[in-house]
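Q: Chains A and B are the protein sequences, given in the same order. With the first letter of the first sequence counted as 1, position 388 gets the number 388 in full-length UniProt numbering; the numbers rise by one all the way through. With the first letter of the second sequence counted as 1, position 92 gets the number 92 in full-length UniProt numbering; the numbers rise by one all the way through.
No wet-lab data here; the hints were simulated from the structure. Hints are not guaranteed to be accurate.
So the derived label-pair ranges between C-beta atoms look like this [said to hold, decoys possible]: (1) B/S253 / A/K15: 23 to 33 Å; (2) A/M1 / B/G411: 30 to 40 Å; (3) A/S419 / B/Q386: 39 to 49 Å; (4) B/V8 / A/D23: 42 to 52 Å; (5) A/S237 / B/D290: 45 to 55 Å.
With the Cβ distance kept under 10 Å, some of the chain A side facing chain B (calculated, not the full set) [stated by the list, open to error]: (6) S2; (7) A10; (8) L410.
Glycine is no exception: its CB is placed at the ideal position from the N, C-alpha and C atoms.
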Amino acid sequence: MSLLFMVEQAIKSCKAEQAKINDSIQLYRELLHTLTPQPKTDCDESECADGAALDTVTSPGEKEDMELLERALEKALRVRTGTGSSIKASKKSAPRKEPGTTAVTSKEGRQASAASKGNQATTRSTSKSASLDRKEHKKPDGIVHQQAAAARKSQQVVSASGSLDRGQFHTSTLHSKNQTIRSNVLSGNDLARAAAISIPSDNTVPVSHTHRSGAHSLLRQTGKASDQTSKWKSLRSKQNRLWDKVVALQRKPAPGRSHFMERMRATFPKDWPCGSPDQTRALVNRLTHTGHDLTQHCQTKELLAKETPEAATELGGKANKNDFFLTLERLSMTAAQLQYFAYQAKQEWETWDRWRPEAGCLCPTGANGAWGDGMIAPLPLTITYTTEAEFRKLEKLRMRVALLQQELYLEQALLETLSPHLSSIVPGPGCPNLSVLRDMYSLLGEGGERFPAIVLDCELD
Amino acid sequence: MQRSKASVRVEVKQVIGALCRLLAATGLESVPTPENFRRAKFGGGLEVEDQFWQLLADILQTSSSVSCEASAQLGGATDYRKLVAAGLWQTGYHADWMYGRQGGEGEEGGEGGRCSSRDLLLALGWLLATGKLEILLTQRVQQLDKTLLTPTPVNPPLPSELQLDSASLRKLQWLVGCLRYQGRTLLSMQEERTRLLHAVVVASLPSSVSSSSDQSSTVLRKDCVCMQQLCDLLEAYLNWKQVEKVFWTWMDSVVDCHLTDPVVKRPSHSPNTGARVCHHGNRGLEKLEDMLLRLPTGQEAQRRGRGDVEDREEGRERLHGGSDSFCLPPPLSSLPCLPCRPQAYRAMLQTEKPVRHGRLPGEGARGGAENPDELPASQAVQELLQTEALLVERRDRQRLANRMQLQKMIGRLDQLMLIPP
Numbered sequence: 001m002s003l004l005f006m007v008e009q010a011i012k013s014c015k016a017e018q019a020k021i022n023d024s025i026q027l028y029r030e031l032l033h034t035l036t037p038q039p040k041t042d043c044d045e046s047e048c049a050d051g052a053a054l055d056t057v058t059s060p061g062e063k064e065d066m067e068l069l070e071r072a073l074e075k076a077l078r079v080r081t082g083t084g085s086s087i088k089a090s091k092k093s094a095p096r097k098e099p100g101t102t103a104v105t106s107k108e109g110r111q112a113s114a115a116s117k118g119n120q121a122t123t124r125s126t127s128k129s130a131s132l133d134r135k136e137h138k139k140p141d142g143i144v145h146q147q148a149a150a151a152r153k154s155q156q157v158v159s160a161s162g163s164l165d166r167g168q169f170h171t172s173t174l175h176s177k178n179q180t181i182r183s184n185v186l187s188g189n190d191l192a193r194a195a196a197i198s199i200p201s202d203n204t205v206p207v208s209h210t211h212r213s214g215a216h217s218l219l220r221q222t223g224k225a226s227d228q229t230s231k232w233k234s235l236r237s238k239q240n241r242l243w244d245k246v247v248a249l250q251r252k253p254a255p256g257r258s259h260f261m262e263r264m265r266a267t268f269p270k271d272w273p274c275g276s277p278d279q280t281r282a283l284v285n286r287l288t289h290t291g292h293d294l295t296q297h298c299q300t301k302e303l304l305a306k307e308t309p310e311a312a313t314e315l316g317g318k319a320n321k322n323d324f325f326l327t328l329e330r331l332s333m334t335a336a337q338l339q340y341f342a343y344q345a346k347q348e349w350e351t352w353d354r355w356r357p358e359a360g361c362l363c364p365t366g367a368n369g370a371w372g373d374g375m376i377a378p379l380p381l382t383i384t385y386t387t388e389a390e391f392r393k394l395e396k397l398r399m400r401v402a403l404l405q406q407e408l409y410l411e412q413a414l415l416e417t418l419s420p421h422l423s424s425i426v427p428g429p430g431c432p433n434l435s436v437l438r439d440m441y442s443l444l445g446e447g448g449e450r451f452p453a454i455v456l457d458c459e460l461d
Numbered sequence: 001m002q003r004s005k006a007s008v009r010v011e012v013k014q015v016i017g018a019l020c021r022l023l024a025a026t027g028l029e030s031v032p033t034p035e036n037f038r039r040a041k042f043g044g045g046l047e048v049e050d051q052f053w054q055l056l057a058d059i060l061q062t063s064s065s066v067s068c069e070a071s072a073q074l075g076g077a078t079d080y081r082k083l084v085a086a087g088l089w090q091t092g093y094h095a096d097w098m099y100g101r102q103g104g105e106g107e108e109g110g111e112g113g114r115c116s117s118r119d120l121l122l123a124l125g126w127l128l129a130t131g132k133l134e135i136l137l138t139q140r141v142q143q144l145d146k147t148l149l150t151p152t153p154v155n156p157p158l159p160s161e162l163q164l165d166s167a168s169l170r171k172l173q174w175l176v177g178c179l180r181y182q183g184r185t186l187l188s189m190q191e192e193r194t195r196l197l198h199a200v201v202v203a204s205l206p207s208s209v210s211s212s213s214d215q216s217s218t219v220l221r222k223d224c225v226c227m228q229q230l231c232d233l234l235e236a237y238l239n240w241k242q243v244e245k246v247f248w249t250w251m252d253s254v255v256d257c258h259l260t261d262p263v264v265k266r267p268s269h270s271p272n273t274g275a276r277v278c279h280h281g282n283r284g285l286e287k288l289e290d291m292l293l294r295l296p297t298g299q300e301a302q303r304r305g306r307g308d309v310e311d312r313e314e315g316r317e318r319l320h321g322g323s324d325s326f327c328l329p330p331p332l333s334s335l336p337c338l339p340c341r342p343q344a345y346r347a348m349l350q351t352e353k354p355v356r357h358g359r360l361p362g363e364g365a366r367g368g369a370e371n372p373d374e375l376p377a378s379q380a381v382q383e384l385l386q387t388e389a390l391l392v393e394r395r396d397r398q399r400l401a402n403r404m405q406l407q408k409m410i411g412r413l414d415q416l417m418l419i420p421p
C-alpha cells in the first residue's frame with residue numbers, strides 16, 4: 001500500500017469525524033433552541049408595542065442581520081410583484097426604519113393609527129381593516145408591503161418544512177440562523193395575520209391564507225410543546241438515575257458468571273489458554289508497539305549521547321533529563337519483561353492457531369480488533385466535571401492526544417518507509433537530488449512543517 | 001417440594017424473559033422465547049436449534065467478534081455455522097462441534113460436527129459470561145445517546161511503500177499539510193461542540209429555567225424517542241443484572257446435563273497439527289519477532305552492567321508470582337503503557353459536592369483490570385496530559401534523531417551544505 005494512500009485515508013477519517021461532530025453541533029443547537037428560554041421579542045402584540053425595550057435588547061449585529069434580511073425580503077417582493085407603487089413604497093420605507101425590526105414598525109403603525117383616524121380614505125385597505133383599528137397606519141403601502149414580505153417569508157418556511165409538523169418549522173429550518181431572525185419571522189406571523197385581514201386586495205392573499213391556519217395550529221400546539229420540554233428533561237434525569245444504578249450494580253461481582261466460565265473451561269482441552277485469540281492478538285500488538293517504542297527510545301538516546309551531549313538538552317525540560325537518567329536504569333528491566341511477555345504471547349497464539357476452526361479466523365479488523373486492548377470493554381465511562389472550562393479542557397486534550405497519536409503513527413510509517421532509502425545518500429550517481437533530500441529532511445525531521453536550506457557549495461576557482 | 005420446583009421454574013422463566021427482553025432491546029432481531037431456552041436445555045428440536053444459531057450469529061456479528069466483510073461473504077446455513085464456530089473461537093470458547101471434519105463439509109451427522117441446541121445454549125452462556133452483552137449494550141447506547149462522546153478514530157500505521165521521487169514526496173508533503181489542517185479544523189469544531197454540549201447538559205438539569213418558547217420541535221421529539229428507548233434499555237439491563245444470579249444457577253444445571261449426557265465424550269478432536277494460516281495473527285507475530293530482534297536488551301544491557309541481571313531475575317520472579325503456567329500474569333499492568341481511554345464516555349455535570357468512593361487518585365490510571373466506570377474529569381485530564389507529554393516527547397526525540405542522522409549523511413556529500421530551518 002502506498003504511503004500516500006495511507007495519509008489520504010487518515011484525511012478521510014478526519015473528515016468523517018468532522019461530519020460527525022458537525023451533526024452533533026447541529027443537533028445540540030436545535031435542542032437548545034427549544035429548550036432554553038429565548039429573548040422574548042415575539043408574538044405578543046402588547047409586548048411588541050414596547051418597542052423601546054426591544055431596541056435595547058437587540059445588539060447592533062442582530063440589527064444588522066435583520067436589516068439585511070429585510071432588505072432581501074423587500075427585494076424579493078419587488079421582483080415578484082413588480083408593481084411601481086411597491087417599489088416606491090420600499091424606497092420610502094427603507095430610510096425610515098433605522099433599527100429595522102418589524103416589531104418596531106408595527107408599533108409605529110400603531111402610534112400612527114391614532115393620527116390616521118380621519119385619514120382612512122387614503123388607505124387602500126380601509127374596507128376590511130376598519131374593525132382592526134389599531135392596525136391602521138399612515139403609510140399603508142410601506143407597512144403592508146412589509147407584512148406581505150413577512151408573510152411570504154413565513155410561507156417559505158412552511159413550504160420548506162412541508163413534511164414536518166405544523167408549528168415546528170421555526171427550529172427545524174432556521175436552526176442555523178440566529179435568534180433574532182427567528183423572532184423576526186415569528187413576529188412576522190402576527191403581522192401576517194394582520195396582513196391577511198388588512199389587505200385582501202393584495203396579491204399575497206392566498207399566501208396569508210395558508211399561513212393563517214399555520215398560525216392557528218401553532219397556537220394549538222403551545223401546550224404540547226412545553227410538555228415536550230419537560231418530558232425531555234424528565235427523561236434525561238431518568239436516564240442519569242438509571243446510569244447511576246447501572247454503575248453501582250456493575251461494581252458488584254457476579255460469582256455465578258465466573259463459576260460458569262470455570263466449569264466451561266474445565267471441559268476445554270488441557271492446553272487451552274485462558275483469554276481469547278482476540279485478546280492475544282491485541283496483546284501481541286501492544287507488545288510490538290511497546291517494544292518498538294523502547295527500541296527507538298534506546299537508539300535515539302544513544303545517538304544523542306554519542307553525537308552531541310548538548311543535543312540532549314535541545315529537547316529541553318527537566319522532566320526529560322530526569323527521564324534520560326531514569327530510563328537507562330529501567331530499560332533493561334523493561335526489555336526483559338517485554339521478552340518474557342512476548343514469549344508467552346507467542347506460545348499462546350500458536351496454541352490458538354492450532355485450534356482454529358476450519359472456517360478460518362474471520363479476524364475482526366479495525367477498532368476493537370487489533371487496536372483495542374482486548375479486555376472486556378466495559379460500559380461507557382462516566383466522567384463528571386464541575387465547570388465548563390474543565391469539560392472543554394478534557395475534550396480538547398482528548399482530541400489533541402488523538403491527533404498526536406495519528407501524527408506519530410504517520411511519522412513512524414514514514415520512517416519505516418524511508419529508512420531503506422537513507423542508505424542511498426552517499427556520494428555518487430545514485431544519490432537523490434537536492435529537492436528530495438530537502439523534502440526528506442523536512443518530513444522526517446520537522447514533521448513536514450519547516451524546510452532546511454541546502455546550499456550547493458561549489459567553489460569554481 | 002413439587003410446589004417449590006414449580007415456583008423455581010416460574011422464576012427461571014421470568015429471569016430468562018428478562019434476558020430476552022434485554023437482548024431484544026439491544027437491537028437483536030431474532031431472540032428465542034424463554035420456553036425455547038428451556039427446550040434447548042433438553043436438546044430441543046431443529047427449530048429451536050435454528051433460533052440459537054441465528055442468535056449466536058447475530059451476537060457475534062453485532063459485537064464485531066468476527067469481521068463484517070468476512071461474514072458478508074458467507075451465506076447459507078453451513079456458512080452460518082462456520083461463522084459461529086469462528087466467532088466462538090475468537091472469544092476463546094471450545095467445543096467439539098466447532099471442529100467439523102476436514103473435507104467433510106455439510107456432513108451433518110459427522111463426528112464432531114454435530115451439535116445439539118444445548119451445545120448452542122452453552123455457547124450462548126459463554127458469550128454472555130465473557131461480556132458480549134455489555135458490548136452489545138454499549139453499542140446500542142452509542143446509537144441512542146446523542147450526547148455520548150466517542151473516541152476519535154486513529155488510523156494505525158500499515159506497512160507501506162513510497163516512490164522516492166520529488167513528485168511523490170511533494171504530494172506527501174501536501175497531504176501531510178492537509179491532514180494537519182483537517183486536524184485543526186477538527187479541534188475547533190470539537191470546541192464548539194463541547195460548548196454546546198455543556199449548554200445542553202445545563203439545560204437538562206431539572207433546576208434550569210424551562211423554555212418559554214412556545215414551539216415544539218421535531219428534534220426534541222426524536223430525541224425523546226431515543227431517550228425513551230435508552231431508558232428502556234437501561235431498565236432492561238438493570239432488571240437482568242438484578243436476577244442474573246438465577247440465570248447462572250440455571251446454566252449450572254445446563255452444564256450438569258451436558259456433563260452427564262452419555263453422548264458427550266471428552267474432546268475427541270485433536271488440535272490441528274498442520275501449519276495454519278491466520279494471517280492477521282501471524283503478521284502480528286512476525287512483527288513481534290521483528291521487534292524482539294531489535295530489542296536492545298542483549299549486549300546493550302550487558303554493557304550497562306551491574307544490577308541488571310538481578311533486576312531481570314527479580315522481574316521474572318515477580319511476573320511468575322501471581323500466575324499459573326497457562327495464564328498470562330495479570331497482563332501488562334506492569335508494562336509501561338499509555339494511559340489513554342479509547343472508550344466512549346458520558347459527560348456529567350457535577351452540581352453538588354462530590355461523594356467519592358474512597359479511591360486514591362491515580363489508582364484508576366492503571367486501566368485494564370479494574371476499570372472504574374466513573375471518573376472525575378480532573379483525573380482524566382491528568383491522564384491525558386501525561387499521555388500527551390509522553391507522545392510529544394517521543395515525537396520530538398524521534399525527529400531530533402532523524403535530523404541528526406540526515407545532517408550527518410548530507411554533510412558527507414560533496415559540495416553540499418544543509419542549513420537547518
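Q: If a hint holds in the structure, say so; if it doesn't, say that too.
A: So, going through the hints one by one against the coordinates:
no. : hint                        : result
1   : B/S253 / A/K15: 23 to 33 Å  : violated, 54 Å
2   : A/M1 / B/G411: 30 to 40 Å   : holds, 33 Å
3   : A/S419 / B/Q386: 39 to 49 Å : violated, 29 Å
4   : B/V8 / A/D23: 42 to 52 Å    : holds, 50 Å
5   : A/S237 / B/D290: 45 to 55 Å : holds, 54 Å
6   : S2                          : holds, 6 Å
7   : A10                         : holds, 5 Å
8   : L410                        : holds, 7 Å
Of the numbered hints stated above, those contradicted by the structure are hints 1 and 3, listed in ascending order.
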